[in-house]
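Colleague: Going down the list, the sequences are from chains W and D. For what it's worth, the working numbering labels the leading residue of the first sequence as 1, then goes sequentially. For what it's worth, the working numbering labels the leading residue of the second sequence as 1, then goes sequentially.
FYI, nobody ran anything at the bench for these hints, they're computed from the structure. Hints should not be assumed to be uniformly reliable.
So these bits of chain W aren't anywhere near chain D, every CB distance computed over 12 Å [as the list claims (entries may be wrong)]: (1) Arg66; (2) Arg72; (3) Thr79; (4) Glu82; (5) Gly104; (6) Arg111; (7) Arg129; (8) Gly136; (9) Leu174; (10) Glu177; (11) Asp223; (12) Arg280; (13) Gly285; (14) Arg329.
With beta-carbon atoms standing in for the labels, derived distance ranges [said to hold, decoys possible]: (15) D/Leu221 - W/Ala89: 50 to 58 Å; (16) W/Ala89 - D/Gly140: 18 to 26 Å; (17) W/Arg166 - D/Ile216: 51 to 59 Å; (18) D/Leu221 - W/Arg132: 38 to 46 Å; (19) D/Thr54 - W/Thr59: 26 to 34 Å; (20) D/Arg60 - W/Arg101: 34 to 42 Å; (21) D/Ala71 - W/Glu70: 39 to 47 Å; (22) W/Thr59 - D/Ala65: 56 to 64 Å.
Calculated lysine to any residue pairs in the SDA-like style (CA-CA distance at most 25 Å, straight line) [what the hints assert, rightly or not]: (23) W/Lys324 - W/Thr279; (24) D/Lys59 - W/Tyr11; (25) W/Lys14 - D/Thr54; (26) W/Lys14 - D/Val75; (27) W/Lys14 - D/Phe3; (28) W/Lys14 - D/Phe56; (29) W/Lys324 - W/Gln171; (30) W/Lys246 - W/Val270; (31) D/Lys59 - W/Glu51; (32) D/Lys59 - W/Gly13; (33) W/Lys14 - D/Arg129; (34) W/Lys14 - D/Ala213; (35) W/Lys14 - D/Gly58; (36) W/Lys14 - D/Thr53; (37) D/Lys59 - W/Pro53; (38) D/Lys59 - W/Leu50; (39) D/Lys59 - W/Thr67; (40) D/Lys59 - D/Gln13.
Backbone N, C-alpha and C define an ideal beta-carbon position, used for all residues, glycine too.
Here is how the chains run, residue by residue.
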Amino acid sequence: MLAARELHHAYGGKTVVAVDAFTLAAGEITGLVGPNGSGKSTLLRLLAFLETPRRGELTLRGTPVRTRRERRAARRVVTLVEQAPFLFAGTVRENFAYGLRLHGVHGAAARTAAEEALARVGAGELVERDARALSGGETQRVAVARALALRPDVLLLDEPASAADRPAANQIYLALEAERARGAAICFSSHQLEDAYRWSARVVALAGGHIGTITPENLFRTDLPPGSGAREVRVGPLTFHIVTDKTGPATIAIAPDDLIVSAAPLHSSVRNTFRGRVTRLAEDGRGGITVTVDAGLTLTARITPAALAELGIGIGAPVVLSVKATAVRVY
Amino acid sequence: MGFFTEGLRRGAQLILGGNPEVFGIALFSIRVALVATLLACAIGIPLGFVVGTTRFWGKRAALTALNTMLAFPTVVIGLLAWGLLARGGPLGGLGLLYTWIAIVLAEVVLAVPIAAALTAAAVQSVDPRVRRTALTLGAGPLRTYWAVAREARFALLSGVVVAFGRVLAEVGAAMIVGGNIRHQTRTLTTAVALATSQGDFGLAMALGMVLLALAITVNVLLQLLQGRADARGA
Numbered sequence: 001m002l003a004a005r006e007l008h009h010a011y012g013g014k015t016v017v018a019v020d021a022f023t024l025a026a027g028e029i030t031g032l033v034g035p036n037g038s039g040k041s042t043l044l045r046l047l048a049f050l051e052t053p054r055r056g057e058l059t060l061r062g063t064p065v066r067t068r069r070e071r072r073a074a075r076r077v078v079t080l081v082e083q084a085p086f087l088f089a090g091t092v093r094e095n096f097a098y099g100l101r102l103h104g105v106h107g108a109a110a111r112t113a114a115e116e117a118l119a120r121v122g123a124g125e126l127v128e129r130d131a132r133a134l135s136g137g138e139t140q141r142v143a144v145a146r147a148l149a150l151r152p153d154v155l156l157l158d159e160p161a162s163a164a165d166r167p168a169a170n171q172i173y174l175a176l177e178a179e180r181a182r183g184a185a186i187c188f189s190s191h192q193l194e195d196a197y198r199w200s201a202r203v204v205a206l207a208g209g210h211i212g213t214i215t216p217e218n219l220f221r222t223d224l225p226p227g228s229g230a231r232e233v234r235v236g237p238l239t240f241h242i243v244t245d246k247t248g249p250a251t252i253a254i255a256p257d258d259l260i261v262s263a264a265p266l267h268s269s270v271r272n273t274f275r276g277r278v279t280r281l282a283e284d285g286r287g288g289i290t291v292t293v294d295a296g297l298t299l300t301a302r303i304t305p306a307a308l309a310e311l312g313i314g315i316g317a318p319v320v321l322s323v324k325a326t327a328v329r330v331y
Numbered sequence: 001m002g003f004f005t006e007g008l009r010r011g012a013q014l015i016l017g018g019n020p021e022v023f024g025i026a027l028f029s030i031r032v033a034l035v036a037t038l039l040a041c042a043i044g045i046p047l048g049f050v051v052g053t054t055r056f057w058g059k060r061a062a063l064t065a066l067n068t069m070l071a072f073p074t075v076v077i078g079l080l081a082w083g084l085l086a087r088g089g090p091l092g093g094l095g096l097l098y099t100w101i102a103i104v105l106a107e108v109v110l111a112v113p114i115a116a117a118l119t120a121a122a123v124q125s126v127d128p129r130v131r132r133t134a135l136t137l138g139a140g141p142l143r144t145y146w147a148v149a150r151e152a153r154f155a156l157l158s159g160v161v162v163a164f165g166r167v168l169a170e171v172g173a174a175m176i177v178g179g180n181i182r183h184q185t186r187t188l189t190t191a192v193a194l195a196t197s198q199g200d201f202g203l204a205m206a207l208g209m210v211l212l213a214l215a216i217t218v219n220v221l222l223q224l225l226q227g228r229a230d231a232r233g234a
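Excised from the complex, chain D in its bound form (with noise of 0.2 Å):
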């Protein structure tokens, strides 16, 4: 238990202290997780969209499709990132192995069927009645559109919410194709887990404490968005 304690000491010290490693890392985990979610949001809505708005030949198939890619495991998306960035795969040319760009490209294949699947569901869960009235009052199709999300946009920053704590949390595919080079790829997960194996439990407690901190704060802000979705009926 001394060890424990000792380690959460240390730990509340450096993040006390303002240890520029942990906020450094911090910082690089932040920017990563917000460019991959930026990106897999803008793949993902538009596609959650006409999935969950328009009716076509194999929609249910699609739409399992991307229920099944939220349980993907992360180190396999991180291989089959690998698989592709490096030297001898098709986009090796690229360069982009152990770059915080392969992280990105990685954690936004992970993200876009959470923002899509999360879209699907929260679009198709408006009021039908959205798309006929502003269809009456003579919306064309991006302003129908428009009129929808307007309706779901609580759901819908609560998918965005998701995408990026779940980014934030990942290990696996940015140990595989960030390589864990500091001051390079280092993110918070991957620090931790190096930090744990040399033994520097004091390192590695404070850095899952800002990440539990990133979490509850990225939770919080999903409670509220998803209390208001409800208040909505949205």
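If we strip away everything but chain W, and leave its shape as in the complex, we get (with noise of 0.2 Å):
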């Protein structure tokens, strides 16, 4: 839906974006994750058409967006909630109205665009309010809202829950996971690693103006059905037990430094035993050894070369994968 080839952005001389490649896909969430000043938000508004890059090039729906006039156009499909959103003066309803004015929507349907858009993140009570005596938590599901409500191509949000509580921020989650399910493409920033790998299908990490890569080993997307404590949840062929209060959408992930690597089932209290075949030997790079394992799904186990000398294992050989329940992360 959206690219980005190599993005130059620098402010003073000091580059904060350079970014080889970045897409956007429809239907999807992307989380960006990365510290203060990693150039998460300078990202954003380039993606948001906000600002012109110094180099490189945004393709929307494989169309180059060069000129002024492509720009605005995309303006119009592509949107972005700001960190610390601004919200005109007057009511909830009259900042619902402006964008939607611009979206040719009026009268009774912007009312209810508003209304609608203000109940999926769980803020109805909101529309006749005093849009500048909202609290930080309440702007922001507010903003998050009235760029819903524009039904937009691609829903840009740099911190979209950062003042709101656990149980706002899972609102406004919420919302734009229906919002992808409908067909956008939508990328948010957030400080919360638990929310990115919660929330989104692909998370990317920037550090510096570049992306960076994520330890990607021992990370799988589900569902987990309403329940708390100890429970069971099915990914693929494998069932993990985990120990979770969250429902919903969820990244299950497992350190590869908890991932017990054995010939033989250990007599343990450990809750998740997998049996698979050894694909693959390496060094780590940091005096360890990586051990990648077919299980039905792709595992990643880290041992020590004196514990890999001890197995005596190979490529091919059989294993079993050992993991705590209560060490299995649920994001």
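Take the two lone chains, each set in its own frame, and fit them into one complex as the hints suggest.
Modeller: What follows is the structure, encoded as structure tokens:
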């Protein structure tokens, strides 16, 4: 839907964004993580056509966006919710009317669109409130709803839930999930790795303006049924024993260091045991060995060279991987 | 002191008695000032918007020039306008010298920098998120400007009031290009100067009191607007 190529931007000679390739696909949520000053906000502003990159190109639906006129046209289908969103003076309803009017939605249709969008983020009761008298969390929810009401093809959000409490944040992300299901390409930045893993299909890390790598091992998307405490969840052919109170979209993560590799099943308290065959053995550059195992899903464990020697395993060898239910992270 | 109080008494008498000379001059002054302010704002506010919101080479110099022009002596403006409008001047053929239009033109030159400089300051102080928000909601350049103007409206109105006050109280340009002709180009300020030089202290006091009342009204309005602007952080 929206793609960036060789994107480069600088302020006062200091490079703030240098991204070789970045794509947002329709019907997909991308999480953007990185520390303060890593370039997340600038990248989002470039993607929203609010700033013009020094170099590089943005394409929308495969068409390059270069001129002022093209950027303006692109902004009608790409919208951004800033980290500290701005609401115009007036009521919350009037804030919706502004953008909707610009998209040709007036009168009763605009009222309905505003109320529906607010309800989606659980802020229906705010519709007649003075926009400037809202709390930080309420302002964020209204700003997200204001963007949702425009039904953009690409929705960009800079820390959309940073001022919201946990239930409000969940409501915001659930609304994004519904928008994704409608076919929108969504990208949000977050300080919270947990939010990025939980609510996005793809997590991109930004550091110093560059896209970095996030250890991708042992991350599995799933949908948790209602429930709490110790539970079982199926991911592909495997069943994971986990402990969580979360429901809905989630990412299951197992640190490679937490996976125990053995030749035979362990007689222990470990709840998760997976049989598989070694597909790859490699030094990890930090004095350890990564053992990649096909157990129906690809799982990666990290062991010491001494442990590898003791186990005496090679490529194709049958192994058992074990991990405690409490060591399985759920984001 | 007796002379002074006698002047005050007579001035008050002229005002309370509805003296047609005093009120004729006052209405003429207000009319000229309103037309000049309107024209100056029509030029100065868009100019201030461009200077305040866009990036261009020499922006700092443009802002400095505008701020310098705020302190431009009115007699010099009158002098330049006279040079342009005098029979031998480039615009002499228009025959505008010593007409109310000449006063308006000189006062427009005086007020444009005020409207432009205060507009630039007002829009520069608007939260940058206003512009970005309008753009992300699909606004084009004009609607984006409008959103910024709406946020800065009290500060912008303050600029209009300051320009009106300056135009109303100015004497040098009106005297030089207007000629202080009775019933034609005599403004409150030029009439005060003339009445004083003619020794009609009572009439001068009456005109002065009207001018003062107008100045106070303008300032009260300004205070109210600035109070609203401060309360909104704009």
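Colleague: Give a verdict on every hint.
Modeller: Cross-check of the supplied hints:
1. Arg66: With a cut-off of 12 Å, arginine 66 of chain W remains clear of chain D, as the shortest Cβ separation is near 17 Å.
2. Arg72: 6 Å, violated
3. Thr79: Violated, because the least Cβ-Cβ distance between threonine 79 of chain W and chain D comes to about 5 Å, which does not exceed 12 Å.
4. Glu82: 6 Å, violated
5. Gly104: 10 Å, violated
6. Arg111: 17 Å, holds
7. Arg129: 17 Å, holds
8. Gly136: Consistent with the label, glycine 136 of chain W stays out of reach of chain D, its closest Cβ about 14 Å off (over 12 Å).
9. Leu174: 22 Å, holds
10. Glu177: 21 Å, holds
11. Asp223: At roughly 31 Å from the nearest Cβ of chain D, aspartate 223 of chain W sits farther out than 12 Å, so the non-interface label holds.
12. Arg280: Label holds. Min Cβ-Cβ 46 Å, cutoff 12 Å.
13. Gly285: 43 Å, holds
14. Arg329: Per Cβ check, arginine 329 of chain W is outside 12 Å of chain D; nearest 35 Å; holds.
15. D/Leu221 - W/Ala89: 50 to 58 Å: Violated, since leucine 221 of chain D and alanine 89 of chain W (Cβ atoms, about 21 Å apart) do not stay within the stated range.
16. W/Ala89 - D/Gly140: 18 to 26 Å: 21 Å, holds
17. W/Arg166 - D/Ile216: 51 to 59 Å: 57 Å, holds
18. D/Leu221 - W/Arg132: 38 to 46 Å: Once the Cβ atoms are compared, 24 Å apart, the range 38 to 46 Å for arginine 132 of chain W and leucine 221 of chain D is violated.
19. D/Thr54 - W/Thr59: 26 to 34 Å: For threonine 54 of chain D and threonine 59 of chain W the Cβ distance comes to about 27 Å; the hint holds.
20. D/Arg60 - W/Arg101: 34 to 42 Å: 37 Å, holds
21. D/Ala71 - W/Glu70: 39 to 47 Å: 45 Å, holds
22. W/Thr59 - D/Ala65: 56 to 64 Å: 42 Å, violated
23. W/Lys324 - W/Thr279: Distance of about 23 Å is within 25 Å: holds.
24. D/Lys59 - W/Tyr11: 18 Å, holds
25. W/Lys14 - D/Thr54: 22 Å, holds
26. W/Lys14 - D/Val75: 50 Å, violated
27. W/Lys14 - D/Phe3: Outside the cut-off at roughly 73 Å; violated.
28. W/Lys14 - D/Phe56: Satisfied, since the Cα-Cα distance of roughly 21 Å is no more than 25 Å.
29. W/Lys324 - W/Gln171: 31 Å, violated
30. W/Lys246 - W/Val270: 22 Å, holds
31. D/Lys59 - W/Glu51: Judged against 25 Å, a Cα distance of about 20 Å means the pair holds.
32. D/Lys59 - W/Gly13: 20 Å, holds
33. W/Lys14 - D/Arg129: Roughly 23 Å between the alpha carbons, so the hint for lysine 14 of chain W and arginine 129 of chain D holds.
34. W/Lys14 - D/Ala213: 57 Å, violated
35. W/Lys14 - D/Gly58: Between lysine 14 of chain W and glycine 58 of chain D the Cα gap is close to 23 Å, so the pair holds against 25 Å.
36. W/Lys14 - D/Thr53: 24 Å, holds
37. D/Lys59 - W/Pro53: 22 Å, holds
38. D/Lys59 - W/Leu50: 21 Å, holds
39. D/Lys59 - W/Thr67: With a Cα-Cα distance of about 24 Å, the restraint between lysine 59 of chain D and threonine 67 of chain W holds, given a limit of 25 Å.
40. D/Lys59 - D/Gln13: 53 Å, violated
Comparing the model with each earlier hint shows violations of hints 2, 3, 4, 5, 15, 18, 22, 26, 27, 29, 34 and 40; every other hint is respected.
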